[in-house]
Amino acid sequence: MKKKTTTRKTIRQIVREEVAMAIKEVITELKQPTQSQPQPKKIVEKKSFTNNSVLNDVLNETASDGEWKTLGGSEFTTDRMNELVGGQYGDMMKNTPQQVPSSDPMSQFVNKDYSEVLKKSEEKSKMKHGG
Numbered sequence: 001m002k003k004k005t006t007t008r009k010t011i012r013q014i015v016r017e018e019v020a021m022a023i024k025e026v027i028t029e030l031k032q033p034t035q036s037q038p039q040p041k042k043i044v045e046k047k048s049f050t051n052n053s054v055l056n057d058v059l060n061e062t063a064s065d066g067e068w069k070t071l072g073g074s075e076f077t078t079d080r081m082n083e084l085v086g087g088q089y090g091d092m093m094k095n096t097p098q099q100v101p102s103s104d105p106m107s108q109f110v111n112k113d114y115s116e117v118l119k120k121s122e123e124k125s126k127m128k129h130g131g
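The sequence shown begins at 1 in the numbering used here and counts up by one.
Please keep in mind that the hints were generated in silico from the structure rather than gathered at the bench. For every residue, glycine included, the Cβ atom is placed at its ideal position computed from N, Cα and C. Please note that the accuracy of each hint is not assured.
Here are the simulated distance ranges between beta carbons [as the list claims (entries may be wrong)]: (1) Ser74 <-> Thr50: 23 to 33 Å; (2) Glu83 <-> Glu17: 19 to 29 Å; (3) Arg12 <-> Lys119: 52 to 62 Å; (4) Ala63 <-> Lys3: 40 to 50 Å; (5) Asp113 <-> Leu55: 18 to 28 Å; (6) Arg80 <-> Leu55: 20 to 30 Å; (7) Thr5 <-> Thr50: 40 to 50 Å; (8) Asp104 <-> Val15: 46 to 56 Å; (9) Gln32 <-> Arg80: 34 to 44 Å; (10) Val19 <-> Gly66: 40 to 50 Å.
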């Protein structure tokens with residue numbers, strides 16, 4: 001029970017801190033003078049991404065807006081891929097297999113070496129097909 005209550009308290013504290021930071025940002029934005037004249041929007045040809053008209057409208061609006069390109073402070077490129085996937089992509093490229101914790105009942109199934117089973121099935125397949 002102690003783990004649950006400490007986890008809850010920790011989550012509540014983190015949420016409070018994040019909300020406080022967000023409120024400070026909003027207040028700062030509200031204090032800054034707003035632009036008096038709106039910027040003209042570019043007229044962009046609408047593309048058809050799917051048969052769903054509502055989804056097409058949303059996708060076209062998102063594509064023309066362009067704000068998505070700089071989410072996270074700057075443009076996401078392949079150089080920043082590790083940030084996007086949280087470092088897991090680099091681990092996939094290593095030759096070492098990922099291990100599931102042994103306390104998990106599925107770990108025996110997932111981590112089992114099936115090479116012998118595969119060899120036997122290949123042998124049986126060759127015998128069946130006259131190989």
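Hints versus structure:
1. Evaluation of the 23 to 33 Å hint for Ser74 and Thr50 yields a pass: the beta carbon distance comes to about 30 Å.
2. For Glu83 paired with Glu17, a C-beta distance near 22 Å keeps the hint of 19 to 29 Å intact.
3. A hinted range of 52 to 62 Å for the beta carbons of Arg12 and Lys119 is consistent with their spacing of about 55 Å.
4. About 46 Å separates the C-beta atoms of Ala63 and Lys3, a value consistent with the hinted range of 40 to 50 Å.
5. Taking the beta carbon of each, Asp113 and Leu55 are about 45 Å apart, not inside 18 to 28 Å as hinted.
6. Here the CB-CB span from Arg80 to Leu55 is close to 28 Å, well matched to the stated 20 to 30 Å.
7. For the pair Thr5 and Thr50, the beta carbons lie near 47 Å from each other, so the given range of 40 to 50 Å is met.
8. Checked against the given bound of 46 to 56 Å, the beta carbons of Asp104 and Val15, roughly 29 Å apart, lie outside it.
9. Separation of Gln32 from Arg80 is about 29 Å and departs from the stated range, judged on CB atoms against 34 to 44 Å.
10. Separation of Val19 from Gly66 is about 29 Å and departs from the stated range, judged on CB atoms against 40 to 50 Å.
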